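Asks: One letter stands for each residue in the lines below.
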Amino acid sequence: GAGVSQSPRYKVAKRGQDVALRCDPISGHVSLFWYQQALGQGPEFLTYFQNEAQLDKSGLPSDRFFAERPEGSVSTLKIQRTQQEDSAVYLCASSLDLGADGYTFGSGTRLTVV
Amino acid sequence: QKEVEQNSGPLSVPEGAIASLNCTYSDRGSQSFFWYRQYSGKSPELIMSIYSNGDKEDGRFTAQLNKASQYVSLLIRDSQPSDSATYLCAVGDNTNAGKSTFGDGTTLTVKP
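Protein chains in written order, with the numbering used here: chain A, 1 to 114; chain B, 115 to 226.
A portion of the hints provided could be inaccurate.
Here are the simulated BS3-like cross-link-like pairs (lysine-lysine), alpha carbons at most 25 Å apart as the crow flies [said to hold, decoys possible]:
| no. | chain 1 | residue 1 | chain 2 | residue 2 |
| --- | --- | --- | --- | --- |
| 1 | B | K156 | A | K11 |
| 2 | A | K78 | A | K11 |
| 3 | A | K78 | A | K57 |
| 4 | B | K156 | A | K78 |
| 5 | B | K181 | B | K170 |
| 6 | A | K57 | B | K116 |
Hint data in this document are derived by calculation from the structure and do not stem from the laboratory.
Only a predicted model underlies this, so the values are computations on that prediction, with no experimental measurement involved.
In isolation and in its complexed conformation, chain A is listed as follows:
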């Protein structure tokens, strides 16, 4: 595709509900990154894939957060038993190589937990 596509664009979840956020990277991009951006703050690293391998998940806040990229293309970030503190914009980025030259971000998914 022409850019990084994320869906849904907005998600409202009741506390305790599970959610799944989708990222479709630019075709051919090897690396895929998930970041979390709270209001008024910079993006915070969550996890990183190179093809289908999850090479770094050190930023995932708790074991309620899980990410996968089973075929090395589309990725899904799943949050179980959502809490109010999970409310944020979830940004996906992809890169042709390892991401050492910066990223192309998707438009993000704004998650609001009520």
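With the hints as your guide, set chain B onto chain A.
Replies: Chain B in isolation, oriented as in the chain A frame:
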């Protein structure tokens, strides 16, 4: 203390002036540095990358890097109202170059 520090602003400059945005970082081994622009309600957009000490120019934008002082800056010449946005400084991880640590951004307003 955050690993990447920026003045939150807001920074206000008149149209046509030079806007100067600053960033300091704590990891002395960092090798890659980026500036992203983020319009309100939008996602960050990469505008500059710099890897070596000195200046790097791209159109109206100049990135400056001083590794000894752990300091990176972005200059915007002939500022336009369309430059009004939040500018995020990002520093590549020393051991995983693809992973970046972001500052909280500086909000720039260019007044006509």
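Asks: Need the status of pair K181/B, K170/B: alpha-carbon distance at most 25 Å?
Replies: 14 Å, holds
Asks: Tell me if the straight-line CA distance from K78/A to K11/A falls inside 25 Å.
Replies: Holds: K78/A and K11/A sit about 13 Å apart, inside 25 Å.
Asks: Starting from K156/B, check that the Cα of K11/A is at most 25 Å away, please.
Replies: Holds - the C-alpha atoms of K11/A and K156/B are around 16 Å apart, at most 25 Å.
Asks: Are the Cα atoms of K78/A and K57/A separated by 25 Å or less?
Replies: 13 Å, holds
Asks: Starting from K156/B, check that the Cα of K78/A is at most 25 Å away, please.
Replies: Roughly 22 Å separates the two Cα atoms, so the pair holds.
Asks: Does K57/A pair with K116/B here, judged by a C-alpha cut-off of 25 Å?
Replies: Roughly 20 Å separates the two Cα atoms, so the pair holds.
The structure is consistent with each of the numbered hints, conforming to all of them.
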